[in-house]
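Chains as they are written, first to last, in the numbering used here: chain A, 1 to 280; chain B, 1 to 251.
Derived by calculation from the structure, the hints in this document are not laboratory data. Honestly, I wouldn't trust all of these hints.
[To be verified] Which chain B residues face chain A? A few, computed with CB under 8 Å, are given here:
| no. | residue |
| --- | --- |
| 1 | T17 |
| 2 | M172 |
| 3 | D175 |
[As the list claims (entries may be wrong)] Chain B is nowhere near these chain A residues, computed Cβ spacing over 10 Å in every case:
| no. | residue |
| --- | --- |
| 4 | I29 |
| 5 | L77 |
| 6 | M98 |
| 7 | N104 |
| 8 | F114 |
| 9 | F119 |
| 10 | P120 |
| 11 | Q141 |
| 12 | A142 |
| 13 | A149 |
| 14 | E155 |
| 15 | R168 |
| 16 | D224 |
| 17 | P259 |
| 18 | Q275 |
In this text, all values refer to a predicted model and were calculated from it rather than measured experimentally. C-beta: ideal position from N, C-alpha, C; glycine also.
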Amino acid sequence: MANSTTDAAPAAAPAADTVIDVRDVHYEIGGRPIFTGVSLTARRGRITAIMGPSGTGKTTLLRLITAQVSATRGQVLAFGTDVATLSTKAVYALRQRMGMLFQNGALLTDINVFENVAFPVREHTDLPEPLIRKLVLTKLQAVGLRGAADLMPAELSGGMARRVALARAIVMDPEVLIYDEPFVGLDPISLGVIQRLIKQMNQALGITSIVVSHDVQELSNIADDSYLLSGGVVAAAGAPAQLRTSDSPAVRQFMTGSPDGPVAFHYPAPDFLTQLLADD
Amino acid sequence: MTNAGFLSAGVRRLGATALFFGRLLAQCVPALARPRLIVAQVYNTGARSLIIIMLSGLFVGMVLGLQGFQLLQRFGSEDFLGSAAALGLLKELGPVVTALLFAGRAGTALTSEIGLMRATDQLTAMEMMAVDPLRYVAAPRFLGGIIAMPLLAAIFGVIGLFGAQLIGVQLMGVDTGVFWSQTQSAVGLRDVTEGVVKSLVFGTACSLVAVYEGYNAEPTAEGVGLATTRTVVASSVLTLLLDYVLTAAFL
Chain A
1 MANSTTDAAP
11 AAAPAADTVI
21 DVRDVHYEIG
31 GRPIFTGVSL
41 TARRGRITAI
51 MGPSGTGKTT
61 LLRLITAQVS
71 ATRGQVLAFG
81 TDVATLSTKA
91 VYALRQRMGM
101 LFQNGALLTD
111 INVFENVAFP
121 VREHTDLPEP
131 LIRKLVLTKL
141 QAVGLRGAAD
151 LMPAELSGGM
161 ARRVALARAI
171 VMDPEVLIYD
181 EPFVGLDPIS
191 LGVIQRLIKQ
201 MNQALGITSI
211 VVSHDVQELS
221 NIADDSYLLS
231 GGVVAAAGAP
241 AQLRTSDSPA
251 VRQFMTGSPD
261 GPVAFHYPAP
271 DFLTQLLADD
Chain B
1 MTNAGFLSAG
11 VRRLGATALF
21 FGRLLAQCVP
31 ALARPRLIVA
41 QVYNTGARSL
51 IIIMLSGLFV
61 GMVLGLQGFQ
71 LLQRFGSEDF
81 LGSAAALGLL
91 KELGPVVTAL
101 LFAGRAGTAL
111 TSEIGLMRAT
121 DQLTAMEMMA
131 VDPLRYVAAP
141 RFLGGIIAMP
151 LLAAIFGVIG
161 LFGAQLIGVQ
171 LMGVDTGVFW
181 SQTQSAVGLR
191 DVTEGVVKSL
201 VFGTACSLVA
211 VYEGYNAEPT
221 AEGVGLATTR
231 TVVASSVLTL
241 LLDYVLTAAF
251 L
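Just chain A, with the same shape it has in the complex (with noise of 0.2 Å):
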C-alpha cells in the first residue's frame, strides 16, 4: 500500500520534541507478518491517535513501543533510545517514565482502590504514608473518584475502573502516557468522562499522549496528529480533519465506516456457488 501520505511525517530527521520514533519497523507472528515498516512518531505535550481497523495490530504496535516485544526489523526510539537495545534494568527505567492505562483497566484485584494508585509509589519510593496518602488522594480527585478509595476493583463499573487505572497510571507523573483502546464498551457519559479526562492530562500536565482506538469519532475530538493503520504500514497520516478527506479508499472506508471496501466484508473463502452444490 502506498506510503506517500506519511511524508508530511519526516522519518529520516525527526524533530526534536519527538518522544517516540517508531522507524520503518516490521513485526511478525509465528511467521505471519503484522507490521511491513511502519513508520510513526509521538510529539511532545501532543495527542497521537493511532486508528485502524481491528486486528491491524494496534496493540502490538504498543507492544513494541513499551519494549514488551521487539521488532524483526526497524527501530523504535523512545525519549531517543533503541528500546530493543536496552537491559532489563532499563527497560523497568524506561517505564517508570512512561503510564500504560489497559483496556480493561488491569487493576489488582486483591488489593482496594486506594491501594492500586498507591501500588506504584510503594514499589518505587520509599515516600512517608502521610505523602503517599496525600498523593493518591490527589490523583483519584483528578479522575473524580476521590470518594471511592475504600472499593474493592470488582466493585466498580466498567468507566470507573478505567478511571481509577488513569489515577493509577499518572500516580508516577510520567511523561508519557500510553491508553489502550479507552473508549471500548463505555456508555456514552463515561466515554465522555474519559474523553475529557485524556484532555485533560494533556493539557495540565502536559503529558505526551498516545491513544490506540478504532473509534474515529472520539479519537478526532482530542487528537492533535492521527496515524491510521492498515495493512502491515500506515495507510494515512496527519490532523484527523486531513484524514476525513482523504481520498484513498481504504482510508475513506474506516473514516466513514462502510462496511466494503479495500477491507472486505467477506472473510476470504472459496465461490460460495460452488461450496453450497459441493456440499450436496
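Starting from the known structure of chain A, arrange chain B on it as the hints suggest.
Structure of chain B alone, referenced to chain A:
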C-alpha cells in the same frame, strides 16, 4: 501425538520449569525484604488449609490405629501400636498426604489465581509499572508454600497420632502408659528430620508447580482450567516420586 513428540514436549516442559525455577529463586531474595507479602501467603495457603488437614489427619490416624491394632494383635504385640503409628505418620503419611491435600486445596487456588491475573492483564500491568511480577506475585506465593507445608505436616502428624491413640487406647484397650512410652522410645531425632526434610521438599515442589502453571497458563478460561488440572496431576506424581527417592536416601 507420537511417542517421540510426547517425550520432547515433556522434556521441553521440564526445561522450562527448571528455567522458571532459576528465575524464581533469583527473585526470592528481594522478595524476602517484604515479609508481609509472604506472611499473607502463609495464611492463604497454610491457615486456610488447616481444617482439611486436621480432619484428614484425624481420620488417617484413626484408620492407622484400627488397622495397626488388628495386624499387631495377630502377633500379640499390640503394645507396639504407638511406635508403629508415630513412625508411619511422621515419616510417610504426614508429609505425603499433606502434600497431596496441599496440591488439591492450595496449589489449585494458587494456579487459578495467578492464571486469572495473567488473563486480566494484571501481570502485564505490573511489568508496565516496572514491577517484576515474579518478585511481587510468584516469589511470595512460592515461599509461603514452602513455609506452610512443614507446619501443616507437623499438625497432620500430631492430630493423626491423637486419632491412633483414640482408637488404640480408648477403644481397643491398649494401655496408655505403654502406648506413649513405646512411642517415645521408638521415635528418634532422625525420624523427625526425615519428616521435616520430606515436607520441605514436597512444599518446594508443589509450590513451584502451582506457581509455574499459573504463571504460564494460557490467558483464557479453558487455559486456566487446564493449568489447574496440570497442577494437581504434576504435584501428586512429583510428590510420590520424590517420596520414594527421599525414603531411599534416608535408609
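Against the structure, the hints:
The closest approach between the C-beta of B:T17 and any C-beta of chain A is roughly 21 Å, which is over the 8 Å cut-off, so the hint fails. Taking 8 Å as the C-beta cut-off, the interface hint given for B:M172 is violated, the closest approach to chain A being about 49 Å. With a cut of 8 Å, the hint placing B:D175 at the interface with chain A is violated, because the nearest CB-to-CB distance is about 53 Å. At roughly 15 Å from the closest C-beta of chain B, the C-beta of A:I29 stays outside 10 Å, upholding its exclusion from the interface.
Even its closest Cβ contact with chain B, about 19 Å, leaves A:L77 beyond 10 Å, as expected for a residue assigned away from the interface. The claim that A:M98 lies off the interface is violated: its Cβ sits roughly 7 Å from the closest Cβ of chain B, which falls inside the 10 Å cut-off. Listed as outside the interface, A:N104 is inconsistent with that label: its C-beta sits roughly 7 Å from the nearest C-beta of chain B, within the 10 Å cut-off. With a least CB separation of 16 Å from chain B, A:F114 remains clear of the 10 Å interface cut-off, as annotated.
Against the 10 Å criterion, A:F119 falls within the reach of chain B, whose nearest CB is about 7 Å from its own CB. Some Cβ of chain B comes within 10 Å of the Cβ of A:P120; the nearest lies about 5 Å off, and the non-interface call is violated. Listed as a non-interface residue, A:Q141 keeps its Cβ farther than 10 Å from every Cβ of chain B; the least gap is roughly 21 Å. A:A142, annotated as away from the interface, keeps every beta carbon of chain B farther than 10 Å; the closest lies near 18 Å.
For A:A149, the requirement that its beta carbon stay farther than 10 Å from each beta carbon of chain B is met, with the minimum near 19 Å. Annotated as non-interface, A:E155 keeps its C-beta farther than 10 Å from every C-beta of chain B; the closest such distance is 16 Å. A Cβ of chain B approaches the Cβ of A:R168 within 10 Å, the least distance being about 8 Å, so the stated non-interface status is violated. Annotated as non-interface, A:D224 keeps its C-beta farther than 10 Å from every C-beta of chain B; the closest such distance is 24 Å.
No beta-carbon of chain B is positioned within 10 Å of the beta-carbon of A:P259; the least distance is around 29 Å. The beta carbon of A:Q275 is kept farther than 10 Å from every beta carbon of chain B, the shortest such distance being approximately 30 Å.
Hints 1, 2, 3, 6, 7, 9, 10, 15 from the earlier list are contradicted by this structure; the remaining hints agree with it.
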